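Taking the hints into account, I'd like the entire structure generated from these sequences.
Chains as they are written, first to last, in our numbering: chain A, 10 to 351; chain B, 10 to 351.
Think of the hints as simulated: they come from the structure by calculation, not from any bench. Hints may be right or wrong, so weigh each one.
Same chains, same label: a pair holds when it works inside one copy or across any pair of copies.
As the list claims (entries may be wrong) - Straight-line C-alpha distance at most 20 Å; calculated SDA-like pairs for lysine to any residue: (1) K161 x A74; (2) K161 x M320; (3) K60 x T46; (4) K195 x D62; (5) K276 x S306; (6) K276 x Q347; (7) K15 x S66; (8) K259 x S131; (9) K161 x S33; (10) K276 x D288; (11) K279 x S306; (12) K56 x S157; (13) K108 x T315; (14) K342 x A255; (15) K49 x N313; (16) K15 x A65; (17) K276 x T304; (18) K60 x Q72; (19) K13 x Q158.
Here the structure is a predicted model, which is why all the values come from computation and not from measurement.
Below are the chains, spelled out letter by letter.
2 protein chains.
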Amino acid sequence: MKTKGKATSFDIAHFAGVSQSTVSRALRNSPLVNEETRRKVWEVAKKLNYKVDKNASNLRTQQSATLAILLFEDPTGDESQINPFFLNMLGSITRACAKEGYDLLVSFQSISQDWRAEYEDSHRADGIILLGYGDYMDYQSRLQNLLSQNTKFVCWGANVEGRPDLTVSCDNYGGGQLAAQHFIEKGRKNCVFIGDASEHSPEFLTRFKGFQETLQRHGISCGERHIANAISTEDSGYHATHSLLANNVKFDSLFAASDLIAIGAIKALKEAGLRIPEDVNVIGFDNIAASNYITPSLTTVQQNTTLAGQMLVTNLLSLIRGEDITDTLLPPKLILRQSTSQ
Amino acid sequence: MKTKGKATSFDIAHFAGVSQSTVSRALRNSPLVNEETRRKVWEVAKKLNYKVDKNASNLRTQQSATLAILLFEDPTGDESQINPFFLNMLGSITRACAKEGYDLLVSFQSISQDWRAEYEDSHRADGIILLGYGDYMDYQSRLQNLLSQNTKFVCWGANVEGRPDLTVSCDNYGGGQLAAQHFIEKGRKNCVFIGDASEHSPEFLTRFKGFQETLQRHGISCGERHIANAISTEDSGYHATHSLLANNVKFDSLFAASDLIAIGAIKALKEAGLRIPEDVNVIGFDNIAASNYITPSLTTVQQNTTLAGQMLVTNLLSLIRGEDITDTLLPPKLILRQSTSQ
DNA sequence: ATGTACTTTGACACCGGTGTCATAATGTCG
DNA sequence: CGACATTATGACACCGGTGTCAAAGTACAT
Numbered sequence: 010m011k012t013k014g015k016a017t018s019f020d021i022a023h024f025a026g027v028s029q030s031t032v033s034r035a036l037r038n039s040p041l042v043n044e045e046t047r048r049k050v051w052e053v054a055k056k057l058n059y060k061v062d063k064n065a066s067n068l069r070t071q072q073s074a075t076l077a078i079l080l081f082e083d084p085t086g087d088e089s090q091i092n093p094f095f096l097n098m099l100g101s102i103t104r105a106c107a108k109e110g111y112d113l114l115v116s117f118q119s120i121s122q123d124w125r126a127e128y129e130d131s132h133r134a135d136g137i138i139l140l141g142y143g144d145y146m147d148y149q150s151r152l153q154n155l156l157s158q159n160t161k162f163v164c165w166g167a168n169v170e171g172r173p174d175l176t177v178s179c180d181n182y183g184g185g186q187l188a189a190q191h192f193i194e195k196g197r198k199n200c201v202f203i204g205d206a207s208e209h210s211p212e213f214l215t216r217f218k219g220f221q222e223t224l225q226r227h228g229i230s231c232g233e234r235h236i237a238n239a240i241s242t243e244d245s246g247y248h249a250t251h252s253l254l255a256n257n258v259k260f261d262s263l264f265a266a267s268d269l270i271a272i273g274a275i276k277a278l279k280e281a282g283l284r285i286p287e288d289v290n291v292i293g294f295d296n297i298a299a300s301n302y303i304t305p306s307l308t309t310v311q312q313n314t315t316l317a318g319q320m321l322v323t324n325l326l327s328l329i330r331g332e333d334i335t336d337t338l339l340p341p342k343l344i345l346r347q348s349t350s351q
Numbered sequence: 010m011k012t013k014g015k016a017t018s019f020d021i022a023h024f025a026g027v028s029q030s031t032v033s034r035a036l037r038n039s040p041l042v043n044e045e046t047r048r049k050v051w052e053v054a055k056k057l058n059y060k061v062d063k064n065a066s067n068l069r070t071q072q073s074a075t076l077a078i079l080l081f082e083d084p085t086g087d088e089s090q091i092n093p094f095f096l097n098m099l100g101s102i103t104r105a106c107a108k109e110g111y112d113l114l115v116s117f118q119s120i121s122q123d124w125r126a127e128y129e130d131s132h133r134a135d136g137i138i139l140l141g142y143g144d145y146m147d148y149q150s151r152l153q154n155l156l157s158q159n160t161k162f163v164c165w166g167a168n169v170e171g172r173p174d175l176t177v178s179c180d181n182y183g184g185g186q187l188a189a190q191h192f193i194e195k196g197r198k199n200c201v202f203i204g205d206a207s208e209h210s211p212e213f214l215t216r217f218k219g220f221q222e223t224l225q226r227h228g229i230s231c232g233e234r235h236i237a238n239a240i241s242t243e244d245s246g247y248h249a250t251h252s253l254l255a256n257n258v259k260f261d262s263l264f265a266a267s268d269l270i271a272i273g274a275i276k277a278l279k280e281a282g283l284r285i286p287e288d289v290n291v292i293g294f295d296n297i298a299a300s301n302y303i304t305p306s307l308t309t310v311q312q313n314t315t316l317a318g319q320m321l322v323t324n325l326l327s328l329i330r331g332e333d334i335t336d337t338l339l340p341p342k343l344i345l346r347q348s349t350s351q
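What follows is the structure in structure tokens.
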């Protein structure tokens, strides 16, 4: 009992003495096929180590049981390291996909380049998950394009007013509030924010607004002089903090738009001889692994990546099934560590 | 100019006034088609937002321009975190695939369960990359199975004598040597190893051997009493170190089979009131991000994940093309940090 | 014996491309 | 002008499954 190359359903049909149609039905456990026939077919299939050709199957059924994820890189130009937060998301999304019986196609994208978002168009995936920081301005027109092609997709990220896509995101505003409240409880009066607080980075902007408006309600202002622009890298956080210090901005508490930024900030503060948390309280955002390892360990707003990955997948699957879904906001959680506990 | 649903090559043929065959040729820039016809076809295709159906295309050509990666989980049972080293590998493999014009199918696997290594059999991928720690004993029979099916695959991991597969791996033996030499230079006399030094974890075993045999040549023994068993998690490293201390084993230097283990070990040492590096020198393996963030920062044997990912991909592609390839050993590099610099 | 229902099976079209072969059109040379 | 090479195109089989439809076989009631 041998075949040239991989076994096909015709090979099985031949050896089982039935038609190819019956083989196809038997292998999918159709109730239309006789119990004994089914057993026989399965037996031969096993012996031949038969596996359904997904290309043929997908072609016929017009679906792929596959999701695709597009990961946008930070515009750091640094090839070596990927933002650990997104790496975690990638992990939890992979897990969630496996749980749902879907495969996952992964690709990195540079946001400035042409998207290879052809997965769904080319029938390789039933839907797409978009993930990554990036300039939202670039982003928007692309989304519009996906929509016009009736592509099924969900985004991780900021829930921007009027944004045309469906999103799963952390309650960034609420996260900013948590940070502000914590500073207020600690009696801090001079707060700064490190990160891009512009519409180019909606996530960061929303975090900042939750932070700023909460402070405001307690009579603390966090104006232009108290913001230092930074993208989500350690280096960027380091330099931003450095320039604040160089400009003689006085502050006793620092909220960073991400943990990587916070880690860079802590380095700059230490170098300036400032003690953490005595002189400056620091709060980050994400709760990446490193935030627990640095000294002092970093108080941070946790985003639940496990839940996030799950929600992205289940929402996308609902969308594919044609169900109505809405944006999902995940609750942030403040993780208390040494950088704010004196 | 409209189509119901997604546009096919027949739609383009219709609107461009040529046959479907010609469309197919034109879109793949076959030299057989007239310049003007090609331009016209491309124009229509663009207008209709046409994308080749990969399922049909793959079915016909019997290849997929896709690689699959199977990631074996650590047997920790901990759902939340994935070993950051493998996450990094995943990232670099994704990058390498993109560079070669291949897509990547990702799936997590539990080593004890049935592998869903059907990607290649089911024509979803042209080849498979296997990645992950795991009990090598389980592993081996599965590999044999893949081989017998003529599946193209490469493995990351230990280059075990007589192992039937092609591998890309770090020179684990050399890495162990580097650690031993460094301890010797520092004048350390009592060395311990934390990790599974058995054939169940060939990588760890090889690291240990390089370590032990180098010490031996300098008259330092590292016997059974100086080994504590651990899998690659922080917890496991913590407990293993704890039990060494509880057993009153005296040591002034500790080599951990992985950074995660080393981080756990450092925690245990600190709790026992030992100073690092004064009382105990510590060296890890991997150079994950956290090793640079902990206090004291961790001296470690770096595995070049970027290069590793690239080699895995290029070797697999060679294999697929039917070329002869051999196992690849990547040079390790000792990264000096505080945990060994007094 | 005839009709009806149900079970089980095979033949065949179909998914959307790719590759081969035949054919038509044009150009070249003796 | 006929023989032949060259270029450009269309017709068609094919990849390996899935779904529809007709039909054969069996059971049971009339």
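Enumerate the violated hints, using their earlier numbering and listing them in ascending order.
-> Numbers 4, 8, 9, 14 and 15 - these are the hints that the structure violates, sorted from lowest upward.
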